[in-house]
Structure formats: C-alpha cells, structure tokens
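Q: Hints in hand, dock the two standalone chains.
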Amino acid sequence: MILKTLQALGPLHGFGIARRIEQLSEDVLTLNEGTVYTSLLRLQQKSWIASEWGVSENNRRARFYRVTKRGLKQLVGETENWERIAAVIGRVLALEAKA
Amino acid sequence: VGQRRAESVFDEEVTTHLEMLAEEYVREGMSAQEAVRAARRQFGNTTLLKQRQRESRTTMFFGVRQLLKTPVFTIVCVLTLALGVGANTAVFSVMHAVLIKMLPVEDASHVFYVHTTDYPAGASQTGDSNTSFSYPVYRALREQAGLQEVMTFIPLSTSGKAPARVGTVPEEAAGDMVSGNYFRGLGVGTELGRGFVEKDEDDHTPVVVISANFWATHYARSRTCSERRSISSRFRSPSWALPRGDSKAPKESCRWTSGFPCRAGPSSMRGGIRQRMACI
Chain A
1 MILKTLQALG
11 PLHGFGIARR
21 IEQLSEDVLT
31 LNEGTVYTSL
41 LRLQQKSWIA
51 SEWGVSENNR
61 RARFYRVTKR
71 GLKQLVGETE
81 NWERIAAVIG
91 RVLALEAKA
Chain B
1 VGQRRAESVF
11 DEEVTTHLEM
21 LAEEYVREGM
31 SAQEAVRAAR
41 RQFGNTTLLK
51 QRQRESRTTM
61 FFGVRQLLKT
71 PVFTIVCVLT
81 LALGVGANTA
91 VFSVMHAVLI
101 KMLPVEDASH
111 VFYVHTTDYP
121 AGASQTGDSN
131 TSFSYPVYRA
141 LREQAGLQEV
151 MTFIPLSTSG
161 KAPARVGTVP
171 EEAAGDMVSG
181 NYFRGLGVGT
191 ELGRGFVEKD
201 EDDHTPVVVI
211 SANFWATHYA
221 RSRTCSERRS
231 ISSRFRSPSW
241 ALPRGDSKAP
251 KESCRWTSGF
261 PCRAGPSSMR
271 GGIRQRMACI
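As given, the protein sequences belong to chains A and B, one line each in that order.
Here my numbering is used: position 56 in the first sequence is 56, and no number is missing along the way.
Here my numbering is used: position 75 in the second sequence is 75, and no number is missing along the way.
Hints were generated in silico from the structure; no laboratory data involved.
Don't be surprised by glycine CBs; every beta carbon is placed ideally from N, CA and C.
Warning: the hint list may mix true and false statements.
Among the chain B residues that face chain A by a calculated CB cut under 7 Å, a handful are [what the hints assert, rightly or not]:
1) PHE43
2) THR47
3) ALA174
As a list, the in silico DSSO-like pairs of lysine-lysine whose alpha-carbon atoms are at most 27 Å apart [stated by the list, open to error]:
4) LYS69/B <-> LYS46/A
5) LYS46/A <-> LYS69/A
6) LYS161/B <-> LYS101/B
7) LYS73/A <-> LYS4/A
8) LYS73/A <-> LYS46/A
9) LYS161/B <-> LYS4/A
10) LYS161/B <-> LYS199/B
11) LYS50/B <-> LYS46/A
12) LYS4/A <-> LYS69/A
With the rest of the complex left out, here is chain B (with noise of 0.2 Å):
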C-alpha cells in the first residue's frame, strides 16, 4: 500500500512539473503540444526515474517488510539476540566478580579462606561449619610461625545486619565483629583515625570503624564529629577510622567492630561461638 502511494504521489508530483514546464515554454512562445514534447524531452526518461525511485524506496524497506511480513520468525530472533546478549552479559559479570575483579584490598592474591574439612558432626552451631573455628583455635592458629596474620571475622547476627542508632534514628546496618589485626591484616588504611589494634582486641574495646559511605550519609564527612553511636544496644565511640577512599573500602560491610570478641568472650567461647578467618 505504502509503495503504491508513494507511486502515485511521485506521478501527480511529474505531471505537475511537466505541465509547469510546459507552461512555461508555452510562454515562450512555443506552441501547446510542441511545449509538452519538450518539456518531457526536458524532463527526461520517466519510466526510468520511477523505476529507479522505486528501487531506493525498495531498498530501504525491504528488510523492515520481510520482518514484518514474518512477525514470528522476527520474534524468535529479536529474543534470541536479546537473550544472548543478556545471558552474555550476566554471565560476564558473575565471572568477572568472581574470578576477575580482586578483592580491594592490598595484596588481594594473597587472601585466602581458611578451610577445614571433615568437621565432627553437631560440633558447629554457627556459620559454616567448614569455615569457622572456635575462638581458642582461632588463637592457637596465630601462634604458628608465618601465621600471624590470620584475621577472623563474625558476623553481627545471621542475616549479618544488627541494629544500629546514630543520634536519635534508628536503623539497621551491615558489619562484622573482626579480629584487631584485621586491617594491619587486609593492608587497608583509614582515611581519618585509626583502624583496630591487637590491644582493641585484647581489651575487648567498644570502638567502630565506618566505612566512607556510612561517614558520608550519617556524618556528612565531618572530621570533627564525636557523636556517640549504638550497635546492638552497646554504646561504641567511633574510632572514626574509615577506609582509605571508597575503592578500598570493601562495598558490601557498612562498618566493622572491634572489642572482639566482646560478645564472644570466654563464656561465650564455651557455647561455641566460633570465627570465620582469612589468612593473608
């Protein structure tokens, strides 16, 4: 419908150029028929020019017509492609998280999990069995010569987030109870104050350190800002030791404790609270 129209329309446009062409040498003096010869001597080969506007016009919608005229075979290919490249895509991404991007850490080649296999059964009552060790293992680990830098880390509670208040609002917030010489350990700096120490660890200290985007939205990056904070109901100053800028901060924990293991201390250890570790 659309070529025919175009047609028609192209054919109502050269009639009217040839008759406007005609007048004119009509004007000059020629006589009626004498001028239309002319004018479409003038003019030029008609068939040929319809021809070839026809075949431009063609061209241009042939592909968009054979789709159209196909709308199930153009389906299929449109989600094929589509799902490829989103398949693709997503499968990328899970590869270059897991196996590409390293952790942003200092040496991150150097960071393990530490393992274990063939755990006694019933003898885990908290996070992996595999990966978590009592306290007093924990501590018996880091006495090995070239072990020192064996960090572990517990998370606040089984969803990992614990309540959290800065000022009057309460909220909930991500972060782990982690070994003192879990920053010295990653090779993380902070970016204002001091990450945590082996006698935090030691002295059970109530202190935080937040990440820079907890210190931005909470804080508006005051450097100057020593507002008490609660994380599950135990008042813990801010050591207001941040990660060095926001590439080395890992992205997913909105803070770290320390005073570890001030829940897991020795009675606790006893009911088996145990800690996940990484080795560098």
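With the rest of the complex left out, here is chain A (with noise of 0.2 Å):
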C-alpha cells in the first residue's frame, strides 16, 4: 500500500502516507499512525524506497520517501500476485456460492 500510495502520489513524507492509506481504507483498515514507520523502514531496508530531508507544505522539515526502481519493479511483482491470488479466491467463492 505505502509503496503504491507513493507511486501514485510521489515523493510524500510519513503523516501524508499515512493520512492517504487512512483516507482510500475508509475507515475499514484502522491502524495505529505509528505503524506506518515500521514499515517505511523495512522498505528502506531492503531499497524499495528512498528518504531525503524536505519541507512539507506547511514549512516543516520532514523527511519525504519515494519509491526506487527495485521499488516499482517489486510494485508491478506484487499487484500482478495479489490480483492472481484475489482472482482464485473469487472464483472459489462464486463457485461455492452457486453449489
């Protein structure tokens, strides 16, 4: 999601990601802020994303991340699996639906 909200948007700072995964769950996924750190740091840790020092839009220095190109080529890996997985499990689901 983090990876995906910054491809979209592009370069946003922590409460920004934050604020926009909060906004498209709406209100399905409720998640402690804090925990938007973890993983901002384990996506660093393995280079899908990058940080650097900027200034927010109400002048605030704020670290911005932004996605790298192992990040998007990881991205496009991710969504074609999860729309494979999703895809199997909807039509399992149909499937028992109609029996």
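A: This is the structure:
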C-alpha cells in the first residue's frame, strides 16, 4: 500500500502516507499511524524506497519518501501476485455460492 | 554514533507527525490539549515503535559492527576464507588437468609415455634420459608386433620453440618434429589437407602441420593459401593439415613439422639425437 501510494502521489512524508491510506481504506483499516514508520524502515532496508529531507506544505522539516526502481519492480510483481490470488479466491467463493 | 543519529532522526519524524496530526484535529474543532492527546492515541505507542525500529536496525548492522569492532579477527577470517577457496581452486585445477582431463585424442586412456630405467650414465645427450630413445631403438621397437603405433616426437629446440616466418614477419613458434605415424597414432584428424604419413618420414619431406589456432591467426582460415613458410631457416610447404577443430588440437603446440627425422638423419643419429616416445 505504501509503495502504491508513493507511486501514485510521488514523494511524500510519513504523515501524508498515513493520511492517504486512512482516506482510501474508508475506516476499514484502523491502524495506529505509527506503524507506517515500521513499514517505511523495512521498505528502506530492502531498498524499495529512498528518503531525503524536505520541507512540508506547512513549512515543516520532514522526511520525504519516494519509490526506487527496485521498489517499482517489486510493486509490479506484488500487484500481479495479489490480483492472481484475489482472482482465484474470487472464483472459489463464486463456486461455493452457486453450490 | 549511527544508531544515535538514526534515533534522533526518527524522534524528529515522530514529533513532526504528531504535530501535524494535532493541527489537523485542532482544525476539526478540538482544543489544543485534546488534539495532542488524540494525536498520541492515534499514532500509537511511540516507545514500542522506537524499540522496534532499534531492533530492526540492530539486526541489520549487528554483524557488520561486530566485524568492525574486531578488525584483526575479521582480516584473519577473510584471509583464511580467501586462501582456503583459492588453494582449493588451484589444487582442483591441477588435479583436473593431471588426473581428470584427458588428452584431446581419439582414445586417451590408451596413450602412454614409454619409459626406460637404468639408463647408462652419460648415454643421454638430449631430453630426459628415461623417456628418450635413439632412433635405431625406436625403429627396432616399431618392428615388434603390436608396437607399430609407437610414435616419437622431438622438440624443435630445448625451449620447444623455433624461429618461424610466414611471409616477411619472423617470429617464434612452438612445435615438435614428429614421426610419420604421429597423427594416425593419436587418432587426430585434420580440418584441411592431410596429416603426416610414413612416406614423409622416410623421404624427410619438409612439410608442416599447423594448429587451427595458427591457421586462424596467420592465414585467416584461408582454404586456398599456399604461401610457403620457413621454420629453422628451412623452407617447408604447409601441407595444410590441421587438427579437426580446436578441441582435438593439443593447445600447447602451435604446429608439428615432419620431414622427420630431417635433422636427426643418419649422421645426427650417431650424435645421439633421441626421440621421445609415446605408445598407443
């Protein structure tokens, strides 16, 4: 989700990412916003995202995260994988409904 | 130092996040104090988060830090591994070349060096005494039943190389003078032309067989070239007999010459020029 958000919106700080995910999930996912940072660190360690200091829209010093080339590749792979699994599960559930 | 810096960066990030979140709550109508509390609630346990971040970083850099802390141990480990791997590779390369890899000839398991023991002292004048034989001995051996394929070779010089010239450029090339049955005995065919035959040996024909490599570098693999070449200042026509493909050609030797024993003729025989023998 973080990768996709960064890919769609460009470089973003942690607060922006948390906000965006919260908006999109429409209260289905209620996570503590702090957990975003754990994911960000993990993604950074895998070199899927990179970060640099910048200034936020309300003039605060903030760390902006952006997707790297490796991250984009990973995103494509993960998306395909998710879609495949979701499609399979969808088919299985549809079968059960008919039966 | 890195750990502390990372933690202070994370602290700053968290503080900014909490401030931004609180501001948003204030905009939504909360009081400042309430907003700060709500932001903290929404953000979650910062201590736990910090702990997780620290653990994550620690795991990542733990190994590296431990190695950097003890440089002597690290160097010893790296060198031991490097030498171990290197030595193993070297030993295997030698073993592969000596024990496993077969000669690129037809039936490598039936090729032997002919040795002799108790060679009379001083009787040998060239080459290794225990693998060198005089020409009459060689001829006599070949008369024996089942030993028709005993073949011989003599290096062109002590270094195995001789001056050679193709066209106008003089150079040095490795080669052997070999008996007429050399190629037939080894079962090595030729890409073009012919290998040596018995008649070459009997007539001392000045012909040369060049390796596929030499053919490519000096004749551009031309199939029609008839340029004469000079080896040891004697002109020889290339017989254009080349080993069939690189894999079959002994890589070390650039060419073989026949006309054998051109320099080891009857007069030289008395001088004691000897042939090394291989037997199939």
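Q: Take the hints in turn and mark each one as holding or not.
A: Structure-based check of each hint:
1. Among the interface hints, the one on PHE43/B holds; its C-beta lies about 5 Å from the nearest C-beta in chain A, closer than the 7 Å criterion.
2. Residue-level restraint check for THR47/B is violated (minimum Cβ-Cβ distance to chain A is 10 Å; threshold 7 Å).
3. The beta carbon of ALA174/B comes no nearer than 52 Å to any beta carbon in chain A, farther than 7 Å, and the hint placing it at the interface is violated.
4. Restraint check for LYS69/B and LYS46/A: the C-alpha separation of about 25 Å stays at or below 27 Å, so the hint holds.
5. The suggested pairing of LYS46/A with LYS69/A holds, with an alpha-carbon distance near 12 Å, which does not exceed 27 Å.
6. Proposed proximity of LYS161/B and LYS101/B is supported: the alpha carbons are some 25 Å apart, at most 27 Å.
7. Restraint check for LYS73/A and LYS4/A: satisfied, since their Cα atoms lie roughly 11 Å apart, inside the 27 Å limit.
8. Restraint check for LYS73/A and LYS46/A: satisfied, since their Cα atoms lie roughly 12 Å apart, inside the 27 Å limit.
9. Only pairs whose Cα atoms come within 27 Å are accepted, and LYS161/B paired with LYS4/A is rejected, the gap being roughly 69 Å.
10. Taking the CA atoms of LYS161/B and LYS199/B, the gap is near 25 Å; set against the 27 Å cutoff, the hint holds.
11. A threshold of 27 Å between alpha carbons decides the hint, and for LYS50/B with LYS46/A the separation of about 19 Å falls inside it, so the pair holds.
12. A hinted pair counts as satisfied when its Cα atoms are at most 27 Å apart, and LYS4/A with LYS69/A qualifies at roughly 13 Å.
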